[in-house]
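Asks: Residue strings, one per chain:
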Amino acid sequence: MVTFSQWLRSNSERHLLEHAQAEMARRYLDRPGPVTERGLGPLFWRRVFVPVYRRLPWGLRRAVIQALPGSHRRRWQGGRPIRRPPAVR
Amino acid sequence: MPPRIVVVGGGAAGIGAAGSARQADPQATVTVYTEYEDAAYSPCGIPYVHGREIPDFERLFLQEKAAYREAGIDIHYETPVTGLDLGQRTVEVHGEGRVPFDRLVVATGFDYADPGVPGKDLGGLYYVKNIRKAMEWDEVLDSAKVAVVVDASPLGLEMVTALAQRGIETHLVDPHPWPLAEVADPDIVQPVEASWAELGVQLHLNTKVEAFLGDVAVRAVRTSKGELPADLAVVCTHKRPDTTLARRAGIELGSTGGIVVDERMATSAPGVFAAGDCVELPHGVSNVPVQGLSGSHAYAQGKVAGANAAGRERAYRPVYVPWGMVAGKWMIGGASFGETLATALGVPFVLGVAEGISRARYYPGVKKVRVKLLAEPDELRLIGAQMVGQEGIKERADFLAMAIRTGVTLEDLAWMENVYSPPIGALNEPIALAAQNGLASAGR
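Sequence lines, in order, name chains A and B. Mapping of the first sequence onto my numbering: position 6 corresponds to residue 6, and the numbering continues sequentially without gaps. Mapping of the second sequence onto my numbering: position 187 corresponds to residue 187, and the numbering continues sequentially without gaps.
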């Protein structure tokens, strides 16, 4: 059984990636974008979700992504870059 | 009483966990259950045996079975675990009944995503995973004339190259505009396409598989652009985490479908750890959970999980995913994001691209190396990289992953020190050239 967060992740990831692939294919290869699924559901993701997501500021997008359940919400250290002083002074 | 540690799964994560647990606590009893006939071999090597670059499958095994017995690891082969009872602290083992544990490591790996088209149960569909099956398939390849590879995933790219090198007419069918489009950027993969064309590979991009056709075994693949005859089809769809046991036991799963773990590889259930392709981990730059990484990730996670199961305190880190592979005559690789993935996520970035060389310009065998760096626009800290060349890609990918982890900036890389020795390194390091171009495009 697919949970809501899995459904959201899988659909958003897929359609955002397809949009980016279409943009990159045009820019670098002069080729059409990927084959997309037909139907009302995919149309919603392509025509509504993707444009709305892309208009949001990165900070807000990030906050939404972080709010989803997953391993990133558990205890993890060392996720941020560490710049240490020289080992011998 | 020494702890009883049970490991479910005999792949890289499971064997890593078992070895590490015994090392951390030599008194612990460590039992591994695997549904397969073998444990601890390198499935990643299978395409290269098919391509005749590795002479036999035996070389893919890490150790003889006796070596595990001598190391105090009790591996039960062809013994699937059918259930976990976390309340009673037992696992239900086929043919053995309920087996108690004090600590459990779940390393159940992955399954290929269902291709979701008619004919998916026909014979002649090859899912590259089990080494015994691969040995049987290798004999099939001796007489195969035409093969269709479904999906240009990393495994798909390796199999295309292997089959073409084997002299088999090879078709690659993929719905994206370029191969490996979910990982690599188009400018990085473009040389691979040209090299495959030299090998006779036929690419069917922007094309969907609609059905596998045949009565008992596949004889053709129907695609959105026509029918392709096939003696076999190699299905290289996404790797999905195999979390059936964990899910049924009520262990928390994340948005990728993988098991949720913390830095100790501990799951939501006390005393239960997980590692490898069945878990999800935070990406070090975006903090977005990712899943389905490499065998080296799985093995390292297994070692952390096993040590903690035996009572140690070890921590794994968020991942920056260095990757690399050979496709056609090219090596491609990178770390963290590419331009496509960063664009999809909407991560702001500055780009630095350069084409350098792998050795001194006058040294025989010198190759071009294209490097693309992505940096965040404020401090210009590196957030991703991709490369294509014919040598030195893996080492650069490892270095760049560590550079991203430690917060290195384009400024740092632009004026980095580099090895200059004519047979192995050029005067100008391609990474430094890309960083200098990145600084220029950022107006710094």
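Hints are supplied without guarantee of correctness; some may be wrong.
[Claimed, not checked] Chain B is faced by these chain A residues, among others (derived, beta-carbon under 10 Å):
hint, residue
1, Met1
2, Gln6
3, Arg31
4, Gly39
5, Arg62
In case anyone wonders, no lab produced these hints; they're calculated from the structure. Every residue gets a Cβ at the ideal spot worked out from N, C-alpha and C, and that includes glycine.
Asks: Each hint: holds or not?
Replies: Status of each hint after checking the structure:
This hint holds: methionine 1 (chain A) has a C-beta 8 Å from the nearest C-beta of chain B, less than the 10 Å allowed. Given the 10 Å rule on beta carbons, the hint for glutamine 6 (chain A) holds: about 5 Å separates it from the nearest Cβ of chain B. Given the 10 Å rule on beta carbons, the hint for arginine 31 (chain A) holds: about 5 Å separates it from the nearest Cβ of chain B. Because the smallest distance between the Cβ of glycine 39 (chain A) and any Cβ of chain B comes to about 14 Å, over 10 Å, the interface hint for this residue is violated.
Annotation: arginine 62 (chain A) was flagged as interfacial toward chain B, and the flag holds, the nearest CB pair being 8 Å apart, inside 10 Å.
Against the hints set out earlier in the document, a violation occurs for number 4 only.
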